[in-house]
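As you go down the protein sequences, you meet chains S and E in turn. Counting from 701, one number per residue, gives the positions in the first sequence under this note's numbering. Counting from 56, one number per residue, gives the positions in the second sequence under this note's numbering.
I should point out that these hints are in silico values taken from the structure, not numbers from a laboratory. All of these numbers come straight from a predicted model, not from anything done at the bench. A virtual CB, placed ideally from N, CA and C, is assigned to each residue, including glycine. One or more hints might be untrue.
[As the list claims (entries may be wrong)] No more than 25 angstroms apart at the CA atoms, straight line, and that leaves these computed lysine to aspartate or glutamate pairs for DMTMM-like:
| hint | chain 1 | residue 1 | chain 2 | residue 2 |
| --- | --- | --- | --- | --- |
| 1 | E | K106 | S | D1084 |
| 2 | E | K155 | S | E1098 |
| 3 | E | K155 | S | E1112 |
| 4 | E | K155 | S | E881 |
| 5 | E | K106 | S | D1022 |
| 6 | E | K155 | S | D838 |
| 7 | E | K155 | S | E722 |
| 8 | E | K155 | S | E939 |
[To be verified] Part of the chain E face toward chain S, derived, beta carbon under 10 angstroms:
| hint | residue |
| --- | --- |
| 9 | K106 |
| 10 | N124 |
| 11 | E128 |
| 12 | L137 |
| 13 | V148 |
| 14 | L158 |
| 15 | L193 |
| 16 | R195 |
| 17 | V197 |
[As the list claims (entries may be wrong)] One-sided excerpt, in silico: chain E residues whose CB lies under 8 angstroms from chain S:
| hint | residue |
| --- | --- |
| 18 | A131 |
| 19 | Q140 |
| 20 | A235 |
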Amino acid sequence: MTAIKTREEQKDWYLSQFRLFESSLNGDAGQAIHSLRTAAIERFSELGFPTSKSEEWKYTNLASIVSTPFRLALGKADVPAGTLDGIPFPRLVFVNGTFSREYSSTTAGNESLTMASLPEAAKFHPELIRDFLGRYADVRTQAFSALNTAFLYDGAFILVRRGAVIEEPVQLVFISTDREEQCIAFPRVLIIAEENSQVKIVERFKGTGGNTYFNNIVGETILGPNAVVDHYRIQQESENAYHVSHSHVHQDRGSVYSSTAFLWGAALSRHEVRAVLNGEGGECRARSLYLGKNRQHSDIHTVLEHAAPRCQSHQLVKTMVDDEAHGVFSGRIVVHPDAQKTNAIQTNNNLLLSESAAVDTKPQLEIFADDVRCTHGATIGKIDEEGLFYLRSRGIDEQQARNVLTYAFASEVLESVAIDDVRREMDERLHRQFRF
Amino acid sequence: MLEVRNLHAGIEGTEILKGINLSVKAGEVHAIMGPNGSGKSTLSQILAGRKTYTVTEGEILYEGENLLNMSPEERAHRGIFLAFQYPVEIPGVSNMYFLKMALNSIRKAQGMEELDAMDFLTLVKDKISLVNMDEALLRRPVNAGFSGGEKKRNEIFQMAILEPRLAILDETDSGLDIDALRIVAEGVNTLRSEDNAIILVTHYQRLLNYIVPDYVHVLMNGAIVKSGGRELALELEEKGYDWLKEEAQPAPAV
Ligand SMILES: Nc1ncnc2c1ncn2[C@@H]1O[C@H](COP(=O)(O)OP(=O)(O)O)[C@@H](O)[C@H]1O
Ligand SMILES: [Mg+2]
């Protein structure tokens, strides 16, 4: 198949992929979940991929994704040695979108924590899958979420039972191996943290080769009353990869959700967090760090909806772009009429490391309540000349001084990482990148 | 060691330094005094290599070589150190790490072996007692959240570690209490030797009770209007700067 040119071809292509997928399901196509899929592929056909006319996709040109005839990743693939080094258990590993039992540790029916693949979870907790899978992913308006849902099969399921406090971070690893060109995978994550439970989750995306592939990811995270979920994402896709991730979060009263994303890889990536603070006193923190080089493009998009009184949201987005890289941040805060005493803070700092690098930043506040505190601030700057002079006056050469200050800029996101191993790993990664 | 000849410098077309002449020999301590805005920090920063200022006339020789051609790091490698009036905060990078990087950059440039972690620690322990600085500050990010006094001590601590040949202290005494002032003075007096030179920028004479300078220069409106021995500092203390104002005017044409 040559490049896809029209919207009609786009629709036809994914419909044909869907039929292939459907036939590979055999008997499974009879399940309740399949009506979710068929509704989703229909919706995707109506929506098509977003264009730059859409306000939410204004600064990201999707032409390369749209025009590529991606094929479903099929068959088993080997994981190159060393790929999983340093990633501790408990963990669930997915290779090209498919669950790999061999590398994973599952617990099902455990009193406090269940971690399993989605098909497995459907056996143990059919009622939870029925009630929550696809419930908060916005298939109606989000084309990528619709497409993911149409091809929904495998994925990670995490259930933390009422009152359980899980100490060991749960690791989710999505590996993309070098396989045929132009494969597409649809990783899916469902996290349910029941009332008063606490869990830390580390989600990793790792590419092991140089081929073009597309990971279209959807996550749904549901927090019961007073639940605490600390969610890390380490995106290390290959340099020719496309990565579009939609994370839909639903929070009950008093719950605390933190999302911390380190975006290192992919040619083009979208990191989207859509959280609804649906109960009184909830808190949502969203932090991201993006380091773009070469011709990378990364788009960070947040939609934080304050739908209940006395909730807080804190956002910190730090972007550093070098070479001809491009960074986008658009953050929308919506405060519903009855969400009084809302406290929403959004900070976006951008560092331009080269003349040809660029960033676009756009806050968007929609406030329908009167007793609220919303602040947002964005800065775009170069390396601070005064800091540079200070370091150089101590004998540190210019390049190294620049590296130190770039690292210093990034370090604020590291400080909030509550898992020592992850913080150390990201710190080392930064040091390696900035060679000091 | 340092020869500043007819130095004119400014920023965006505004002249700040209007013909400075200054000669500093090894072993000497020079105090530069003057009211706020007279150009003391500008001179200090130009000596350390700040490129924000444009030198429009004159020259600076350091150990016989053209200083103006050297990058800030090269100057540091050759032994120039500036204690900043406003030290810069660097989040995320520990004081210790920063200092080790600085010291090893200088050692490397001087053809000396880099210090390993152990040797560096020994050196740090030795020097930190000299400036009576809290050891906790070593692990904290450089100057981030430090009090004014802590920042100044940290500058002196860096100086003690780097052991410069020419140290320029830009109002290191400002905002310090007497105890801190003594510590700064001790740091400077320890460095003082026949091979080294020190330029103390201050606008109070009280520091000079602890560090006795060989020369005192008064900088006003971008020019050195009077030079003398330490008694000039006492005179300034007594009479202020106003009486020197006339001398700051260019001599009338005859
Ligand atoms: N970066 C700068 N931009 C504009 N003006 C400056 C700058 N640095 C210094 N000046 C001006 O030069 C003059 C001398 O300043 P400075 O050297 O800081 O004086 P001092 O240290 O003696 O108080 C002042 O009028 C000051 O406003
Ligand atoms: Mg000054």
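*Verify the interface restraint on N124/E: the C-beta must sit less than 10 angstroms from at least one C-beta of chain S.*
Since the shortest Cβ distance to chain S is 15 angstroms, the answer is violated.
_Check whether the Cα positions of K155/E and D838/S lie no farther apart than 25 angstroms._
With Cα atoms ~52 angstroms apart, K155/E and D838/S exceed 25 angstroms; violated.
*Can the restraint linking K155/E and E722/S be considered satisfied, given a maximum Cα separation of 25 angstroms?*
violated (62 angstroms)
_Supplied contact hint for A131/E, tested at 8 angstroms Cβ to chain S_ = holds (4 angstroms)
*Does the interface hint hold: is L158/E within less than 10 angstroms of chain S, judged Cβ to Cβ?*
holds (8 angstroms)
*How about K106/E: closest beta carbon in chain S under 10 angstroms, or not?*
At 8 angstroms from the nearest chain S Cβ, K106/E passes the 10 angstroms test, so the hint holds.
*Is the straight-line distance between the alpha-carbon of K155/E and that of E939/S 25 angstroms or less?*
Judged against 25 angstroms, a Cα distance of about 35 angstroms means the pair is violated.
*Are K106/E and D1084/S close enough, with their CA atoms no more than 25 angstroms apart?*
Roughly 13 angstroms between the alpha carbons, so the hint for K106/E and D1084/S holds.
*Would you mind confirming whether the straight-line C-alpha gap from K155/E to E1112/S stays at or under 25 angstroms?*
OK: K155/E and E1112/S at ~22 angstroms, within 25 angstroms.
*Report holds or violated for the interface hint on V197/E, using the least CB-CB distance to chain S and a cut-off of 10 angstroms.*
holds (9 angstroms)
*Status of the E128/E interface restraint (C-beta, 10 angstroms, chain S)*: holds (5 angstroms)
*Keeping to a limit of 25 angstroms between CA atoms, is the pair of K155/E and E881/S held or broken?*
Answer violated: K155/E to E881/S is near 47 angstroms, above 25 angstroms.
Checked against the numbered hints above, the structure breaks hints 4, 6, 7, 8, 10, 15, 16, 19, 20 and satisfies the rest.
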